[in-house]
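Protein chains: 2
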Amino acid sequence: MTRIAMLIEYDGKRFHGSQFQLGLRTVQSELESALSTYLRKPTQIILSGRTDQGVHAVGQVGHVDIDEDERALDLWRLNWAINGILKKDLSLRSVQVVPASFHARFEAVQREYVYRLLNRSQRSAVLKDNHYFIPRALNLSSMQEGAASLLGTHDFRGFRSTNADKSSTVCLVRRAEILNKGEGQLEFWIAADHFVYNMVRIIAGTLIEIGLGKKAPESLATALVAKDRNLAGVTAPSWGLTLHSVYYPDKYNLFQAL
Amino acid sequence: MTRIAMLIEYDGKRFHGSQFQLGLRTVQSELESALSTYLRKPTQIILSGRTDQGVHAVGQVGHVDIDEDERALDLWRLNWAINGILKKDLSLRSVQVVPASFHARFEAVQREYVYRLLNRSQRSAVLKDNHYFIPRALNLSSMQEGAASLLGTHDFRGFRSTNADKSSTVCLVRRAEILNKGEGQLEFWIAADHFVYNMVRIIAGTLIEIGLGKKAPESLATALVAKDRNLAGVTAPSWGLTLHSVYYPDKYNLFQAL
Numbered sequence: 001m002t003r004i005a006m007l008i009e010y011d012g013k014r015f016h017g018s019q020f021q022l023g024l025r026t027v028q029s030e031l032e033s034a035l036s037t038y039l040r041k042p043t044q045i046i047l048s049g050r051t052d053q054g055v056h057a058v059g060q061v062g063h064v065d066i067d068e069d070e071r072a073l074d075l076w077r078l079n080w081a082i083n084g085i086l087k088k089d090l091s092l093r094s095v096q097v098v099p100a101s102f103h104a105r106f107e108a109v110q111r112e113y114v115y116r117l118l119n120r121s122q123r124s125a126v127l128k129d130n131h132y133f134i135p136r137a138l139n140l141s142s143m144q145e146g147a148a149s150l151l152g153t154h155d156f157r158g159f160r161s162t163n164a165d166k167s168s169t170v171c172l173v174r175r176a177e178i179l180n181k182g183e184g185q186l187e188f189w190i191a192a193d194h195f196v197y198n199m200v201r202i203i204a205g206t207l208i209e210i211g212l213g214k215k216a217p218e219s220l221a222t223a224l225v226a227k228d229r230n231l232a233g234v235t236a237p238s239w240g241l242t243l244h245s246v247y248y249p250d251k252y253n254l255f256q257a258l
Numbered sequence: 001m002t003r004i005a006m007l008i009e010y011d012g013k014r015f016h017g018s019q020f021q022l023g024l025r026t027v028q029s030e031l032e033s034a035l036s037t038y039l040r041k042p043t044q045i046i047l048s049g050r051t052d053q054g055v056h057a058v059g060q061v062g063h064v065d066i067d068e069d070e071r072a073l074d075l076w077r078l079n080w081a082i083n084g085i086l087k088k089d090l091s092l093r094s095v096q097v098v099p100a101s102f103h104a105r106f107e108a109v110q111r112e113y114v115y116r117l118l119n120r121s122q123r124s125a126v127l128k129d130n131h132y133f134i135p136r137a138l139n140l141s142s143m144q145e146g147a148a149s150l151l152g153t154h155d156f157r158g159f160r161s162t163n164a165d166k167s168s169t170v171c172l173v174r175r176a177e178i179l180n181k182g183e184g185q186l187e188f189w190i191a192a193d194h195f196v197y198n199m200v201r202i203i204a205g206t207l208i209e210i211g212l213g214k215k216a217p218e219s220l221a222t223a224l225v226a227k228d229r230n231l232a233g234v235t236a237p238s239w240g241l242t243l244h245s246v247y248y249p250d251k252y253n254l255f256q257a258l
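Protein chains in written order, with this note's numbering: chain A, 1 to 258; chain B, 1 to 258.
Please keep in mind that the hints were generated in silico from the structure rather than gathered at the bench. It is possible that some hints are incorrect.
Listed next, the in silico BS3-like pairs over lysine-lysine satisfying Cα-Cα at most 25 Å (straight line) [unchecked claim]:
(1) K87(A) to K128(B)
(2) K88(A) to K41(A)
(3) K88(A) to K128(B)
(4) K88(A) to K41(B)
(5) K87(B) to K88(A)
(6) K128(A) to K13(B)
(7) K128(A) to K41(B)
(8) K13(B) to K87(A)
(9) K13(B) to K41(B)
(10) K181(A) to K41(B)
(11) K13(B) to K88(A)
(12) K181(A) to K181(B)
(13) K128(A) to K88(B)
Far from chain B, by Cβ distances over 10 Å, these chain A residues were calculated [what the hints assert, rightly or not]:
(14) Q21
(15) I66
(16) A125
(17) L138
By construction, the Cβ of each residue, glycine as well, lies at the ideal position given by its N, Cα and C atoms.
Let's have the full structure, built from the sequences with the hints guiding it.
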């Protein structure tokens with residue numbers, strides 16, 4: 001048996017999220033179907049975590065166990081073949097043999113997301129599928145001030161959807177910044193050890209309300225302390241969000257050759 | 001009568017190019033249809049130039065004459081309304097009143113295009129629609145050397161499709177450079193006073209052959225002097241190409257407020 005880590009990219013538009021759901025098109029089911037075809041046997045995969053319907057990824061990570069010896073396995077051919085089977089909105093950027101101790105979900109030490117905004121007077125025909133369009137002026141420095149208060153360890157109980165799962169709501173945020181990419185394109189980058197359900201989209205929604213002047217920059221810190229979902233902003237739409245990277249311990253040397 | 005300049009953006013994927021063609025979905029026909037609906041009368045537009053089927057634009061420019069006095073015309077409402085009528089893959093970024101001397105095609109003094117390449121081992125699910133994927137290694141410095149030889153005034157007779165029109169083949173190239181945007185994303189930028197038919201895509205194809213080592217960097221200069229289409233490379237595919245900007249004399253102050 002050989003364990004393979006996969007670096008996975010998808011345009012979330014036509015997926016019902018990443019996790020398997022009976023009868024729906026999901027990233028997991030499409031990948032499992034392609035692998036089962038190539039390997040000629042039913043095959044299951046584990047992803048680092050779920051992304052919602054409509055959310056994109058350029059650095060999702062998963063793993064799969066294959067019934068072949070590492071020396072008999074041609075990963076180059078497997079990668080090309082899987083990308084030949086998959087539809088155009090899903091691809092394997094890379095595959096790599098990993099030790100059996102590797103686990104895409106439990107060994108992940110950090111996830112990094114980017115939420116993209118388009119802040120200009122009229123909508124875009126080419127950025128529509130991965131930017132949330134906001135036609136009213138945003139105060140960038142207020143948003144940056146709000147984002148800075150996310151850094152460090154906080155209880156994000158007030159920044160999850162009510163149907164959230166039972167995992168810890170205390171997250172260590174190592175990056176939280178807003179970049180101005182020009183021509184109205186803003187990027188909100190956030191990296192943390194883990195995230196609670198809908199956390200990035202609720203933070204993005206809160207930052208947008210801060211940028212619009214509906215909330216004060218310090219309201220984000222206040223909402224964190226209060227742990228009250230009603231003090232945070234609305235959930236920003238899914239299509240602005242991209243899972244950029246998942247990080248693992250250095251010992252795995254994961255996807256270093258890219 | 002009021003003349004209006006329009007800054008136009010489109011995702012070329014589902015258009016049969018920019019110019020009107022009977023019975024086909026083109027940028028011109030969709031825009032004319034939307035304007036005719038809003039203005040309640042048949043309306044024609046002039047574009048700065050044609051883009052082929054599949055080519056994108058973020059800075060196409062056109063003009064239209066409207067039967068209303070400038071003071072009676074609410075351009076803000078017109079812009080929002082037209083973007084409400086148009087499908088999502090076509091939008092007006094901005095509209096502006098211009099003097100009757102303005103002409104989107106004849107007054108344009110420079111056009112700027114970007115051709116995007118994705119040079120990595122496996123295809124991308126999110127960049128597929130505006131990058132040409134090249135899985136073999138490209139020599140960036142050879143391509144940059146080739147691109148540099150485009151600068152200045154040259155006869156591009158050898159860099160047009162055989163069905164080309166009759167306009168002058170002598171073009172003044174003011175920008176020709178290749179940028180490495182990271183993660184395998186390369187951009188070839190070219191600006192010139194005008195372009196002959198398929199010129200950017202033929203140059204891009206030639207630069208790719210240079211990058212792959214099939215042609216020497218100096219072969220581009222040789223092909224320019226020889227004016228022989230057979231010495232240039234293949235025509236690179238349309239979806240990598242985006243019309244980025246069209247420039248007009250400063251006196252028009254076109255779209256300065258963006």
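Going through the hints against the structure:
no. : hint               : result
1   : K87(A) to K128(B)  : holds (11 Å)
2   : K88(A) to K41(A)   : holds (23 Å)
3   : K88(A) to K128(B)  : holds (8 Å)
4   : K88(A) to K41(B)   : violated (42 Å)
5   : K87(B) to K88(A)   : holds (23 Å)
6   : K128(A) to K13(B)  : holds (14 Å)
7   : K128(A) to K41(B)  : violated (30 Å)
8   : K13(B) to K87(A)   : holds (17 Å)
9   : K13(B) to K41(B)   : violated (29 Å)
10  : K181(A) to K41(B)  : violated (40 Å)
11  : K13(B) to K88(A)   : holds (14 Å)
12  : K181(A) to K181(B) : holds (13 Å)
13  : K128(A) to K88(B)  : holds (8 Å)
14  : Q21                : holds (20 Å)
15  : I66                : holds (18 Å)
16  : A125               : violated (4 Å)
17  : L138               : holds (16 Å)
Violated hints for the displayed structure, listed by number in ascending order: 4, 7, 9, 10, 16.
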